[in-house]
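**Q** Kindly generate the complete structure, drawing on both the sequences and the hints.
Chains as they are written, first to last, in our numbering: chain A, 1 to 106; chain B, 107 to 192; chain C, 193 to 344.
Everything labelled a hint here was simulated from the structure, so no lab data went into it.
Just so it is clear, the structure is predicted and the values come from calculations on it, not from any experiment.
Treat the hints with care, since some could be wrong.
[As the list claims (entries may be wrong)] Okay, the calculated beta carbon distance ranges per label pair:
1) C:272 / B:116: 50 to 56 Å
2) B:164 / A:94: 39 to 45 Å
3) C:287 / B:190: 35 to 41 Å
For glycine and all other residues, C-beta sits at the position ideal for the given N, C-alpha and C.
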Amino acid sequence: MIEIGMIVLSVIFIIGGIFFFTTATIGLLRFPDFFARLHATGKGDTLAVLLCLIGLAVYEGVSLTGLKIVFIAVFMALAQPTATHAISRAALRRGIQPWTKGEDKK
Amino acid sequence: MNQFFIGAGMGISVLVLLVLYRVVFGPGVYNRIAAISAIGTKTLIILLIMGFVFHRVDMFVDISMVYALLNFIGCVAVAKYLEMES
Amino acid sequence: MVRQSDDIIIGTVARMLVPFIQLFALYVIMHGHYSPGGGFQGGVILGASLVLLLITHGLPETKKLISEKGVAILSSLGVLIYAGIGLLCLILLGNFLDYSQLSKILQVMPAEARSLGILGIETGVGLTVMAVMFSIFLDISTGGVLPEDEEE
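**A** Right under this line is the structure:
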């Protein structure tokens, strides 16, 4: 009984993760400006990876590999926003301007 | 449960192919770097799902952790290089 | 000791993550015969942690941590460990790198002596690979000209 509950919970988490991956990819393709695309991939991808990893850890159960998957999730939650910040800082320093409404699509 | 994992892996692979459009056609180098970071994140999940399909999770967990590390260090290094005045 | 860095967010996160990256690299070296890993892979991850410190804090701050002389000493130390273990097996009346002769001085079974011998040379390989990775990155990033030479 408990086993079926854990499997259902992990399936729910993984499907939620795939949903956020899809919306982040659509945002990366369709947004009009570089900084908007960085918003989509920086936030959406991080949340999707966290949900997927938690789902896989719940499926594995309480063991050494489950703990290692939780470590990967903590590392991702710390490192992905830092990488996004590094890219956006480099772009702002070199003079890329944000897009305002009324301009053409870049 | 095996079929579900294989289906999820194929779905994320299709998303990787969609992001490749931004790598090839992105105007400028910054779009390409953001897209490559996204591809690295999705690859990490595909590796872990493959570990569950082959019933050898403890081998693939180490590999995916190293890949997460390398993705982060590579992204920060390229961003630092692009910030320098030429 | 507080170190200056270019950006406060990236510097803080890098300083927080580097000890755990090095701990994971030590785990990869030790578990070479169970899981993917070994000496060379662990050495590369150790070198990558030093490169992360270099790109976030700049060259003069990292020089306070490891000087060029220290890098040269570390790489030679790794090769010394590798050749030293091989020579020790030669002195104990065996072939070169014949670890079963180590059971004479360690008082264990020959099979366990082989396992300990392999662990020893993997550690030496990891040390050398870390030092050489850091040195190559230093050479490429400064163009072979040190700031002390430039001032003259």
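**Q** Could you work out which earlier hints the structure fails to respect and list their numbers in ascending sequence?
**A** Violated: hint 3 alone.
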